[in-house]
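Undergrad: The primary structure of each chain is shown beneath.
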Amino acid sequence: MRKLVWLAAAALAVLGAGAASAQQTPRKGGTIRMTAPYAASFGSLDAHTTPRAQDEIVGKSLNRTLYNWDSAANKLVLELATSVTASADGLVYTYKLRDDAYFHNGRKMTADDIIWSWTRIMDGSKGYPGARYIRLIKGAIAVEKGEAKEISGLKKIDDFTLEVTITDITDPGYYFFDGTTAILPKEEVEKGNFANNPVGLGPFKFKEHIPGSRVVLERFDKFYKPGKPYMDRIIVVLMAEAAARDVAFRNKEIDTSILGPAQYVAYRADPQLSKGILEVAEMFTRSMRMNPAFKPFSDKRVRQAINHAIDTDLIVKRLVKDKAYRATSWLPLSSPSFDKTIKPYAYDPEKAKKLLAEAGYPNGFEFEFTTSQNESWGLPIVEAMIPYLDKVGIKAKPKLIEVTVLTDTLIKGEFQAIISSSLTGPDSLAQLKCFHSKTPRTACNYVAFNNPAFDKLLDDAGQTTDNAKRIDLLRQANNLLYDEAPVWFFNYNKAVLAYQPWIHGLQANPTEITHQYAEDIWVDDKSPVK
Amino acid sequence: MLLVLARRLANVVPTLLAVIALIFLLFSVLPGSFISGMSEEGRTIDPAVMERMRKEMGLDDPLPTRFAKYVAHIAMGDLGTSFRTREPVTKLIGVRVWPSLKLVFAAMTFAVCVGVTLGFFAALKPGSLLDTASMVGAISGLSLSQFWFGLMLMYLFALKLQWLPSFGYGDGGLSHIILPAVALGVGPMALLARTTRAAVLDVLNADFVRTARSKGMSERRVVEWHVLRNALVLVVTIVGLQFGSLMGQAVVVEKLFAWPGVGSLMVDSVFQRDVPAVQGCILMIVLFFLAINTLVDIAYVVIDPRIRYR
Amino acid sequence: MKLPRLRLKGGTSLWIGGGLVTVAIGAAILAPVIALTDPVMGANLMNAEIAPCLEFPFGTDIQGRDIYSRIVYGARISLTVGIVSQICNSLIGVSLGLTAGYWGGWWDDLVSGLTNLMLAIPSLVFALAIMAILGPGLVSLVIALGLTSWSYSCRIARAQVLSLKSQGYVQAATILGYGDLRIMFTQVLPNILGPLIVIATLGMGGAILAEAALSFLGLGIRPPFPSWGSMLSEARDQITTAPWLSVFPGLAIFFTVLGLNLMGDGLRDILDPQSTTRRA
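Chains as they are written, first to last, in this note's numbering: chain A, 1 to 530; chain B, 531 to 840; chain C, 841 to 1120.
Chain A extracted, bound-state conformation (with noise of 0.2 Å):
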């Protein structure tokens, strides 16, 4: 069973990436309306200085990072550089820059706006959300510490060749694919007021911004990539509400709207609209955290229990609508580090009260679940756990706080039990370290995991070159984690995006799925845009 979902995901991504290529001869022109529904505003569209999925959503046409996430093979590459040579030790990387990358300004982008980009990163004196991935680069922290000008670590040999020295042995690439690591022109943004004329090195530059409503981009015509963008025009329309977006879509007033559990079932119902929806499993891992602070989650079997107590496979099909994949341990199917053999946590109630027995809560125990309205990892499955929950004895009441708390709650440690979704990829190293004992609750080990075992499984993996080795080291902690079960594990996303017949090209991004790379994506004539 666990391996057809597998199966039937890793299709789901061929067949997506099969759909962009197999079409005809792509069309030169035309106007794609897509739809950025985070939030009813976009935050700033100077990219260094926001961390939002939203801002991105423009930002992944407007501006350049040094490497890029390849949707179709599932793989980071290099984006603005055409080679790169790594060290024996595997710190030092050598990379051979792109020499017809040009801002919208007119301008080639040369190392030095590479070095200048991040080194603004590192300003001290300002809250740059890129810093925690600057800081990989050796010198960086000595620059946030106002202890130096420049990053020791980058160094330009030539126009178009950068040396970048690292402090841990990882793939950089994790790194500086990020969209707050954008290479930006350093006249552009001192001349101040950058986030209202920003200017990048995307295939799309940016025309006009109506706060609240539209973010509209046009065709940069030398952009480094031959014969792209295709399209002309990019509108981005700002809609947080989804039952308007809804019928917008229906309307054929936008072309492209992500989807809800309510909404797949009848756009997938629909003869018409089933033709137009795209589907990745994307790297986020919802689940239950419990506080071991609170005593009854202290204990390992209480945890189990839980997550024997609630038939989740019934809760992803019935409620989340099949709109995810059951979760089996922390990280996320597409990761290698991804254990197949292993199989979720079974719905079995008796065993659930037996374990509660044994833990020495026979009788159950009461507990106050700190959740969001979210309608994927929210109130709505609290809801649906509250009676699994209450069939073992254990009374959860649940406390509703908005998402934008969420983080705040977590931070402090101030809940007993909650649930959230958190970012499980690309980098699976990185995303277990929110484990690690080292790890403060600041950073994300929630919980206050502290297992020496599994400290020293991640501590093994950043030690070594070698991959392979690396990945099972990880795939044995995720296995551990997996026992440990310091959450319930509920799902891993499936990120669902809806679009018109007349739109092509579009990419099944894990990573974010309303993160397209515009310069793929092409309009035929039957959009009713002239």
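It should be emphasised that the hints constitute simulated quantities derived from the structure, not laboratory data.
Quick list of in silico lysine-lysine cross-link-like pairs, DSS-like style, CA-CA up to 27 Å: (1) Lys585(B) / Lys191(A); (2) Lys621(B) / Lys205(A); (3) Lys433(A) / Lys469(A); (4) Lys690(B) / Lys275(A); (5) Lys252(A) / Lys632(B); (6) Lys108(A) / Lys96(A); (7) Lys145(A) / Lys191(A); (8) Lys530(A) / Lys207(A); (9) Lys207(A) / Lys108(A); (10) Lys621(B) / Lys126(A).
On a predicted model such as this, the values are computed, not experimentally measured, just so you know.
Please arrange chains B and C on chain A, whose structure you already have, making use of the hints.
TA: Same frame as chain A, but now just chains B and C:
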């Protein structure tokens, strides 16, 4: 007229000061923070960066210091810097005011045209079918959940009939504003229909109208000269009250229709904990209310010179 | 000559409104008796989203819970929100208005300043801010709605005191040796009870609608107990696939608020005949 304005201002200034103090205090105890809220779905922000942002935004200063700074800045017309966009809040709100005003005016135009007409004709023939139908309609309009009504409009006129676009600002044209304006205007419309009907009925039964009738004035002239003018005072009061608070009430409609007004900016900012932006939006909404009420006071004097400022 | 007809209309609306409200209150009181299943624990995911049928007269929701039972229990929450918040508003408004009108001076200035403040901030905006601070939940909701719309009752109370003062009532009572509080409660309050009840009745409808609006904005009631507003707001995504999810809570809100409005109208005709034109 000047006296009215001066007395009005003497009233407005303390209210405004109180509002400033209130919103500052309210939002200083808001749980969660912009910074931690930035990390969504596990795209966590590193603790060192968080701390730096707190410092940059001045969140670590003691409360009285922050309040003093806030008031001093407002006095100079500076509403602070938005956490989210790192731009002046005045600029952020500035671009939202025009769409907001357009929506509010459109909604009020709809409410006045339909509401006053219905109410007026209903009152001329009390108990008639028109009267009963419009009053049942009005009281139903007052009992509708706004977002539900908006959603229904969207389904009917955009999806089923395909007459109008379902959402958004478009290029600022008329077609985009109709649905949100109707959704927002239905409440005031219902209220106006009822008020107008009652006001006209009252005036029709008033002594001076009876006198006019008994003097042999034609029914038409009675209606034109006395009824309309006297009922107008009441209608203006209700219009003023509704108008002033409409920008605040527009929150729901703006969110539903993805309308780029002050209300949707406010809700979005509340959820992202962009406190300076929220404070700015509320201040804007309050200012609008006070401005409209001042205008209404002046309108009284114009319509009916007998009315002197209380 | 038109007055008799108006009276009759007032009477009809009172009866219809009263009837609708009685049904809602009856449902709230009798909920455990007339509900078919438990509104929370009665969930069964195997029964999710069943259209109205004999077993589930209003259908089931996404959790497989009987919507009829949830609406019946939801009446408790929605009516509680309406009634308690309006009691709060009336208490605040009346005590501020009475004392302001009676004592006058700086206290009167302060109260009218406060009233202006409350009028200037639209109550939905104010309630939204309070909900964000207190966090979603029934108690927060009652506080948010109960603190934010007392200005009308305050104004009426104050105006009434002033008019009674000018009529010499109060002086007479003072001469008789009555204390301030006693005068306020025995002489003034009964005179304004009528308009206050009207305002509170209409306000209850407003509070139920405000609860729905706040739910829509994501700041509603605490789970898992149902309120009509949260049921309606949660169901909006399923409007094409499972319309019954939203139709029934929508109708429940509509008819209850309609009932309260009609009742308020009718009550006004009886209790407050002079001011047929003024509406809160």
